[in-house]
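These protein sequences, in sequence, are chains E, H and W. This note's numbering puts the first residue of the first sequence at 1, with every later residue one more than the last. This note's numbering puts the first residue of the second sequence at 1001, with every later residue one more than the last. This note's numbering puts the first residue of the third sequence at 2001, with every later residue one more than the last.
Worth flagging that the hints you see were computed from the coordinates, not collected in a lab. As the structure is a prediction and not an experimental result, all values here were calculated from the model. A virtual CB, placed ideally from N, CA and C, is assigned to each residue, including glycine. A portion of the hints provided could be inaccurate.
[Stated by the list, open to error] Under 7 Å between C-beta atoms, here's a sample of chain H residues computed to sit facing chain W:
#	residue
1	C1088
2	G1089
3	G1092
4	Q1095
5	H1096
6	A1114
7	C1115
8	G1118
9	F1119
10	V1123
11	I1145
12	E1148
13	M1152
[What the hints assert, rightly or not] Here are some chain E residues pointing at chain W (derived, C-beta under 7 Å):
#	residue
14	T24
15	R109
16	G129
[Stated by the list, open to error] Okay, derived cross-link-like pairs now, SDA-like style, lysine to any residue, Cα gap no bigger than 25 Å in a straight line:
#	chain 1	residue 1	chain 2	residue 2
17	W	K2043	E	V52
18	W	K2043	E	D51
19	W	K2043	W	T2186
20	W	K2043	W	D2019
21	W	K2043	W	D2025
22	W	K2159	W	A2011
23	H	K1175	H	S1199
24	W	K2043	E	E65
25	W	K2043	E	A48
26	W	K2043	W	M2231
27	W	K2159	W	G2127
28	W	K2159	W	G2335
29	W	K2043	E	S46
30	H	K1175	H	E1143
31	W	K2043	E	F168
32	W	K2043	E	I50
33	W	K2159	W	P2257
34	W	K2043	E	A19
35	H	K1175	H	G1144
36	W	K2043	E	W26
37	W	K2043	E	V70
38	W	K2043	H	R1156
39	H	K1175	H	N1238
40	W	K2159	W	A2041
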Amino acid sequence: MNAVAALEVEIPALNANDARVQVTRWLADEGQHVAAGTALVTIETSKASIDVEAPSSGYLQRLVEEGAHVATGSIVARLHPRHEDYLRDARTDGRPATRPADRRAPATRAARELADAAGVDVDAIAVDGVVTRRHVEELIARRQECSNAMPAPDDSDPVAIAPRQLEFAQALEIAARRTVAGFVSSSVRAGPVVEFCRRYGAANRAAVVPTDVFLRSTAAALAAFPRLNAWRDGDTARIYRQVRIGLAIEVGGNVVAPALASPADLTIADIARWRLDASLRARRDPSLPATDATFSLTNLSDLGVELFVPNLVPRQAATLGVGRRSADDDPERARWVLGLAFDHSLVNGAEAARFLGTLTDLLERPSWA
Amino acid sequence: MELLGAYRQMYLIRSFEDRLPALYRRGIISGTGHLCSGQEAGTVAVGAALEDGDAVFSNHRGHGHFLAATGDADGLLRELAGRVDGICGGRGGTQHLCVPGRFYSSGVLGGMVACATGFAAGVQLRRPGSAVVAFLGDGAFGEGIVYESLNMAALRALPVTYVVEDNGVSQSTPKAHHLAGDIADRFAAFAITVTVVESTEFADVEPAAREALAAARAGSGPRALVLRAPRLAGHSVNSDTEGGERDDGFDPLPRLRRHIANRDAELVEQDVGEELDELFASPWLEAGAR
Amino acid sequence: MSNAQSLTVAARLNRALQDLMADDDRVVVLGADIADPYGGAFKVTRGLSTAFGARVWSTPVSEAGMVGVAAGMALAGLRPIVEIMFADFLTLAFDGLFNHASKYPAMYGPGAECPVVVRTPAGAGRGYGPTHSQCPEKFFLGVPGLAVVAANRHLDPRKALATQLAGPGPTLWVEHKALYGAAATTTSMLSSEGWLCREFELGGLPAVAQSQVPIEDCDLVVVAYGETAHMLESIVTRLAIEDEVFCALVSPARLNPPDLEALWDLVRATGRVAFVEEGPEAWSWGAELAYRAGRECAAYLRAAPLSFASRSDAIPCNMWRESEVVLSPGTVAAGLRALARHNDRAVIGGH
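Hey, can you work out the whole structure from these sequences and the hints?
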């Protein structure tokens, strides 16, 4: 994304004597949009006070504090034509923004962080003074109480929820709140991959299954569509330098998603080995750390699921779910159903569809090492 | 002021001061004291020229100035004795006397010269027609603030008369060692009209004092009067500095007495003596500070 | 534009002097170079000589003389306001305040009121060097009978000067130079900016406590005056937003009030207090108040009271080296953050 250059506001040389002047008072707020000609700042020379006017319109980024002494000719402000450029500049400047022009209720950083994580609107909390983390905690507790306060009907028995599952659900909730997801689906003839697995397995004396081919094919498709191997950092899309596909594995009621790094560099046999290994590890220790996958794959085709819409995971542009439509009367006509959920801010429907089309082609003509 | 009246005043001041060392020795008055014996001519002459509304500023050697300006010997003695019913509630003592609007003194040299100058500025703005007198000695000319005051008084033509009582010594230091040049020239440097009276004859001092105060009061600018004032009693009651010789030709009391009929003088002396005897025998004096 | 909204502190001071002189013809103003068109080194007296003629006296350069003269004017019934061009020059007038003006009411008694106000610009930040940048007010704090007052952004100078001119004794009134160009404000303006404000009195003049959360919930009280209080506004805000360290910033006008009980109430409520000043450290305003806080609030304190001040050294002329001597905001912020976490004594007794 190319920024439009901001106009710099410099201190004019007002008389022959003053090499330095004092910035006494800003006349417009930080981040405020000013019209050309608006008085921006009052400066004081040894002789007089004068107001410096905005040479153009724009969003004001103040570079010096009131009271500062500056040399004549130095830059004291920038005027950005676009608000997004102002936001980026003001943040990377390293200086704290002063009163924001949008007049949000003041809240501490800790309060905002907790509110964000808990899905609470910090601006809706009315207090005397500044909103603190404690206010947010109290609001969360109150909401909890409200829901707790309704007497639960005594027609159910408690069972434990796997901790990873709750955590994962919370992460999904955040992702869901922050993104608008799109969904596309396609169907793939299962026959070619099944046949490939049989032949490959025999030739290499390895137990390979379609999931291994899905992993390899997805990696190849992502190489052609890097925007699906990405995440959104505020207003910026960031493309991962490596493909790491998280494979959902169910272990005793728990779902873990170990990530396979750079499948494109691996043989199908390698991938199969990794898959078995990851399953074993997961069975042995279900409390594995959270995945750092860049893309997610869930294969529910063996469980009789035909189609499912996967949830977007935080910091991933897309996630793939596989179901299966069987045709009992003709095994050759069995088809997998691929469902791709994608972050609409990073990927649009056409691109998602093209990715899926490429993946479908790869799956109907498998030829891997 | 006629001479007998002047003599009475001068004699009162002299006698009052002469009785103080005994009170200091007996501890009825604590601390130090600076007696003005020998300065009576100028003191009484200036006092005679004062009108209602005029104010006097003095220094550490101010008992005589006080008596000439206010006539309140009783109040002065109570204050010296540190009594709550003294004119300053016993908190000022000998060097810090005050009758609001009429008399102020302080022993930090030079400060009251500036204060007097400021008071005169107040008079000039609020009630022109009054005069302010600032008494100072030759020693005070060591202080820079004196010159700052003269400068400011001259620039604004303030109604203040600076009366210098030149006794030729500053505590223990003779004038030749502490004052370069001439006192009168110092006033001339600020274009302040100065009158020098070498004589300690009351009859010579009195018209000069009257004229100087009248001129200042009239608004023609500050005036200065430089008077010879023998210091007969030493620097202070505790001091081991020498006092001048009495009746050495410069003592103003015997000089004035010569111009008065002996019988009249004796009556005055007796009268004053009885008055002061009574005052100094007051029961509250024995009771000391309260 | 007649409200505080658009005025600088200097303009509000100028307006106050005009109003005072218009309302009371006993008020006179003196100082070097205060007459129009120059109107004073920092323009605070601009317009006065034109409006009030002989009641404005542009004096020679005689700090001792002008303060001594002002004391005499006060005895004569005037209400003098003296401007000493730089606070560094106050020393020349020390005798006039120490032995004269402050002592007249005490030594002489009723009728000898001496309500001289000596106003003077103080403080560093402009590279004026060692003898034009100091904050010497601390040297006057212990003078009996002398009120020491510091102007700040929110103080109404007209009311405060009128209070001081009612005497009975003199007032040293310092104005930090950096405040002159700052926006004058009021507690209602501060409130609309998000501060919780509480106004109370110390020594007859207003003191303001401002915080981001109610004072009872603050971690500490930080007391400062003049420009230092202004500087602390941003420090206190950042500590609140970034670190959830909540400070109650108290900015008094009267620096040496006879009674500090209203302040100790706030200190007892939070259990921690720091005093911050630009003057040189040691034997300072903060050192005295820290001692008193320890004495008055002992049972409530969670940490020893702290005092922050500049280094005790001549202030260099070079603006970048000036910051090596003068109080640094970074040091204060770090110190307050550490103080807020201090809990080295159990709080005995309840409140």
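Status of each hint after checking the structure:
no., hint, in the structure
1, C1088, "5 Å, holds"
2, G1089, "5 Å, holds"
3, G1092, "5 Å, holds"
4, Q1095, "9 Å, violated"
5, H1096, "4 Å, holds"
6, A1114, "3 Å, holds"
7, C1115, "4 Å, holds"
8, G1118, "2 Å, holds"
9, F1119, "4 Å, holds"
10, V1123, "6 Å, holds"
11, I1145, "5 Å, holds"
12, E1148, "3 Å, holds"
13, M1152, "6 Å, holds"
14, T24, "3 Å, holds"
15, R109, "6 Å, holds"
16, G129, "5 Å, holds"
17, W:K2043 - E:V52, "21 Å, holds"
18, W:K2043 - E:D51, "18 Å, holds"
19, W:K2043 - W:T2186, "22 Å, holds"
20, W:K2043 - W:D2019, "16 Å, holds"
21, W:K2043 - W:D2025, "22 Å, holds"
22, W:K2159 - W:A2011, "15 Å, holds"
23, H:K1175 - H:S1199, "18 Å, holds"
24, W:K2043 - E:E65, "23 Å, holds"
25, W:K2043 - E:A48, "10 Å, holds"
26, W:K2043 - W:M2231, "23 Å, holds"
27, W:K2159 - W:G2127, "32 Å, violated"
28, W:K2159 - W:G2335, "35 Å, violated"
29, W:K2043 - E:S46, "11 Å, holds"
30, H:K1175 - H:E1143, "14 Å, holds"
31, W:K2043 - E:F168, "66 Å, violated"
32, W:K2043 - E:I50, "15 Å, holds"
33, W:K2159 - W:P2257, "17 Å, holds"
34, W:K2043 - E:A19, "21 Å, holds"
35, H:K1175 - H:G1144, "17 Å, holds"
36, W:K2043 - E:W26, "21 Å, holds"
37, W:K2043 - E:V70, "22 Å, holds"
38, W:K2043 - H:R1156, "24 Å, holds"
39, H:K1175 - H:N1238, "21 Å, holds"
40, W:K2159 - W:A2041, "24 Å, holds"
Hint compliance for this structure: hints 4, 27, 28, 31 are broken, all remaining hints hold.
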